[in-house]
Amino acid sequence: MTVPTNPERNAIARAARDPFSRRKFLVLTGGTGAAGAFLAACGDDDDEGDTSASSTTEDMDTGGDPLAQFGEGDVGILNYALTLEYLEAGFYAAVAESGLFKGADLELVKTIGGHEQEHVDALLATLKDLGEEPAPEPEAEFPLDDAETVLMTAAEVENLGAAAYLGQAAAIENPDILAAALSIHSVEARHAALLNTLIGEDPTPDGAFAVPADAQTVLDGVQPFLKA
Amino acid sequence: MTNKTQAAPELENIEFEAIDRSSFLMKGILAAGATYGAFAAGPMLRKAFAQDGGSEGDIEILNFALTLEYLETAFYEEAGKQAKLSSDVAALAKQFGEQEAEHVAGLTQAIEDLGGKPVEAPAVDFGDAFSSEDTFLQTGITFEDLGVSAYNGAGPMISSKDLLATAGAIVQIEARHAAAVRNAAGEPAAPDAFDPTMTVDEVTKAVTPFLAK
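Sequence order for the protein chains is A and B. Letter by letter, the first sequence follows residues 1 to 228 of the working numbering. Letter by letter, the second sequence follows residues 1 to 213 of the working numbering.
Warning: the hint list may mix true and false statements.
[What the hints assert, rightly or not] Which stretches of chain B does chain A cover? Using the computed rule of at least three CB atoms under 8 Å from a CB of chain A, they are: (1) 71 to 80; (2) 97 to 107; (3) 171 to 181.
[Unchecked claim] Which residues of chain A face chain B? A partial, calculated answer using Cβ under 7 Å: (4) ALA147; (5) THR149; (6) ALA162; (7) ALA169; (8) ALA189; (9) THR204.
Quick caveat, the hints were computed from the structure, so don't treat them as lab data. Just so it is clear, CB atoms sit at the ideal spot from N, CA and C, and this is done for glycine as well.
Model the full structure from these sequences, guided by the hints.
Rendered as structure tokens:
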């Protein structure tokens with residue numbers, strides 16, 4: 001019995017039939033600056049058996065804390081997450097308008113983008129509940145040259161997003177905010193695994209334990225998308 | 001797909017609830033008695049749901065997670081022996097099974113580091129999960145989605161920041177597995193913008209069909 005595939009998923013379904021070709025991914029990423037920056041940012045994979053996910057809590061008190069620009073404590077983390085979600089939602093909206101995807105592929109783009117928009121809305125509502133000022137939507141620009149580049153960028157952004165949430169989990173103080181962040185974190189991970197599969201990359205590139213990314217790494221990773 | 005309910009009829013009865021510490025607390029306490037039977041967990045489980053369960057509470061949560069990881073590991077191991085899978089799906093099953101085994105080893109170590117006693121692997125019964133690739137994938141979806149919801153539900157109850165980070169590193173992999181298995185089955189990798197949270201009670205109910213009587 002073969003893997004049941006949705007016959008409407010044209011290009012993406014074809015790409016999905018070759019799920020574990022790391023080589024293909026690396027060849028393709030060699031040509032894109034943004035993806036290259038991502039690989040540079042996330043290239044220091046830990047050993048697969050490493051369970052000691054690094055905590056960012058100690059870093060919070062240092063003077064060079066890149067989260068400080070977003071606010072203090074949980075508010076800073078929420079605004080940092082909001083900024084990332086704005087980037088993701090904006091990216092998928094631009095992709096949907098680009099005309100690069102059609103039919104079921106376009107539907108998938110819209111579905112994932114819809115999730116990111118829901119994350120934006122939830123984070124905005126949480127900040128409002130707390131009486132805090134939400135971070136502004138960043139001005140961004142994404143490479144929309146062709147469908148393959150877009151999928152690579154999407155995978156890059158989702159993997160970074162998942163690592164970003166994981167990097168903050170232990171620093172969140174409010175248990176309700178932590179619960180919400182966890183339920184978003186695993187959805188970013190689902191997106192990342194799907195997109196990795198679609199571009200021929202391993203859905204679990206870190207092995208059995210996901211590697212977190214601290215705020216500086218994440219912000220450096222999205223820098224290529226931000227308008228100066 | 002219809003096979004999902006065949007593979008795990010208990011799942012139909014599960015109510016995904018909003019993130020609510022107080023209801024989680026209540027349900028956990030109410031369910032504690034029933035939970036012991038399935039998970040052989042100790043009386044400290046109640047503490048795990050209190051504001052600060054301390055290391056004893058963390059041990060109970062880790063043992064709860066360990067049982068789930070044992071089940072997942074056994075599921076993929078048995079699939080490798082019993083199910084007729086296409087090469088792509090067989091590769092997924094092998095890779096994911098090895099990663100679940102790493103989770104078992106990591107959790108076992110963490111429990112021992114806390115001075116706790118790791119639970120033993122439960123006796124399993126996967127029914128007709130391996131009768132076809134489709135039943136394998138559907139049951140795999142059940143397990144991986146369940147793992148995500150279980151870790152996400154337990155996360156805020158973990159006292160130790162280091163253990164929370166470790167649980168996060170594991171749940172991200174469960175979510176990635178869930179997405180990949182769903183994709184292989186032709187189902188949406190991320191069915192919703194927020195993954196549902198499940199209580200210990202709900203998780204227990206859902207895995208009971210897979211525990212040997």
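The hints, checked one at a time:
no.	hint	result
1	71 to 80	violated (count 0)
2	97 to 107	holds (count 7)
3	171 to 181	holds (count 10)
4	ALA147	violated, 18 Å
5	THR149	violated, 21 Å
6	ALA162	holds, 6 Å
7	ALA169	holds, 4 Å
8	ALA189	holds, 4 Å
9	THR204	holds, 5 Å
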